[in-house]
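Given only the sequences and the hints, what does the whole structure look like? Please build it.
Chain by chain, the residues run as shown.
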Amino acid sequence: MVSFFEVDQVTREFHPKVSLGDKIAAKLGAKVETRSVKAVNDVSFAVEEGRTLGLVGESGCGKSTLGKLAAGILETSSGDVSLEGQPVMVAGVKNTTRIQTVFQDPFASLDPRMKVGEAVAEGPIANGLVSKADAMEYVKGWFEKVGLDPDYVTRYPHQFSGGQRQRIAIARALAMQPDLLICDEPVASLDVSIQAQIINLFLKLRQDLNLTCIFISHDLSVVRHVSDRVAVMYLGRIVEEGETGIVFDNPAHPYTKALLASVPRLVLEDDELVTFEAIEGEIPSPLSPPPGCYFAPRCPYATDKCTEDSPPLIDVAEDRRAACHYADKLLAE
Amino acid sequence: MSKVLDVQNLQTHFHTRDGVVKAVEGVSFSLEKGEILGLVGESGSGKSVTGFSLLGLVDAPGKIVGGKILLNGEDLVGLSERKLRAKRGKDIAMIFQDPIATLNPLLTIRTQMQLALEAHARMSKKDIEARCIEVLNKVGIPDPAARLDNYPHEFSGGMRQRVAIAITLLHGPGVIVADEPTTALDVSIQAQILSEMKRLAVETGTAMIWISHDLATVSSLASRLLVMYAGRVVEEGPTAQVLRDPRHPYTQGLIDSLPAMAAPGEPLVQISGTTPSLLSLPEGCPFAPRCSHASDICNNEPPLGEASGRAWRCHHPLNLKEAV
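Listed in order, the protein sequences are those of chains A and B. Residue numbers 1 to 333, in our numbering, belong to the letters of the first sequence in order. Residue numbers 1 to 324, in our numbering, belong to the letters of the second sequence in order.
Hints are computed from structural coordinates only; laboratory data are not their basis. Ideal placement from N, C-alpha and C gives every residue a C-beta, glycine not left out. Hints are not guaranteed to be accurate.
One-sided and incomplete, this derived list gives chain B residues near chain A with beta-carbon spacing under 7 Å [unchecked claim]:
| id | residue |
| --- | --- |
| 1 | GLU42 |
| 2 | ALA216 |
| 3 | LEU254 |
So, in structure tokens, the structure goes:
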């Protein structure tokens, strides 16, 4: 059965610039070591219609790159991305307007010299969703849906606060009438009280418009709140995937477990002694990842097997996958 | 216990072309040896300007226009730049959010630490090296002797912040002001730094002011909490008590709007509206236009309520009966 949205064995490599010296050496026949980074390494997942997948991980784990690959903004090195069986990218060009993206920084994603109404109307006009004459009425309708005063269409981005700008970015994505919305850290730069407003807006619009979503965030509490399923990434790979509540309550991968333990919680008891179960060490350089399981050097469960064999992402229970040799052990804890 | 820092009615204003921005308006608090005080608020609440004011680092058009900052009994307000310089880094130091901006990219860690040490002390090369290694060890940098001759870009984000923290520790200051020091870091690295800081406060007796927008981070670290809104302290008290039954509706709103407070998928409790511009604050309570408890009386300046180690500025304080 074909899922609504599928990412199948996708890899994206980035090559650092080759220095002139190395180029000459290569010409002369010397063997030059070319180091490449697999920002996304053999990743597969599916999202069913009307569901939201949360993509979590720390900086450098490849979650944003994966988001761009899924959106058809970035070309894959290998593997396929498809929406209802149709590839989202053909010959390096985005093939669909049914996928739209909301980015983290609404300051960077809006042209400062363009009236926000025009910025929102641009896509729908270019794609024939609305005629030029009707465009402003159409945009005003979307402004209302995202909780903005329709009269604001003639203003410029600098006249808005961060939260309002994110609403504009959401209106611009939704005005394209997408079926899949990819949100890359949409609330990360907002204050807590504004963050709650945007999350509520997201929840409401998702339901009203029956949107399928991929929600990328480093904030586990936000992801837990908005996603049906969650995929945890580490160094370009998905290490665990499953229903959000189940994964968060009983993680099958030591990295998920450690990540959840690192999140500070509200302390509500007097003299409560807070200890931090910090993960030891740091994320290894993606230029020279360790052999075997990438998490092994930091993992309290690691054995010799882990540094030799890279564990594949396999079914560890019904409807959930994990890439760990000792997933059974963790699940039994 | 001894007060290392006593801030009384601090006022820092910015005289701009559009009017006077009262970024900090009547902030008072005190700090004891080894105590960690949390300062929370959203952008524009004045929490960072409060931190900068303590070190005399407010740039024009900003100016401390009133109040006292008593550091070990001596008032820092009105001190000459030269005298302030003698205190800064030695008696009171600051950690900033972005260690890339604080460290000089062209100098090795050794040179930067040496300069910081020589600013306040005459020491031999050997003593300098020993002291540098000692503080780098304290903040958990592995093999510090070997890392001394590295440049900032050779460290990861978390390690860089550790170096920045190590530099503030060089002179063993009595007070450290930490302005969002873990905001730019990943959660797993944040957890490492938080546990180091907690240990340092206990071991060295350094008092800390931990400025953050993140209630959960602050609550895991600070014994007392100050909540700021529009330049004022709206609530103060022991952290767990404030978070358990807040007195001020704004504090309550901040707690309720956390995603962890609602069932997954359910709408979050949200504070309506946005933070007001400091140029056009409403009369009376600045939170009133966003507050569900507001009434006519809120057009008047809210009184300071105080009871059993807690303080609040609100006409309609919450959760009061339970406490009595």
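Evaluation of the provided hints:
no., hint, verdict
1, GLU42, "holds, 4 Å"
2, ALA216, "holds, 4 Å"
3, LEU254, "holds, 6 Å"
The structure fails none of the hints (numbered hints given earlier).
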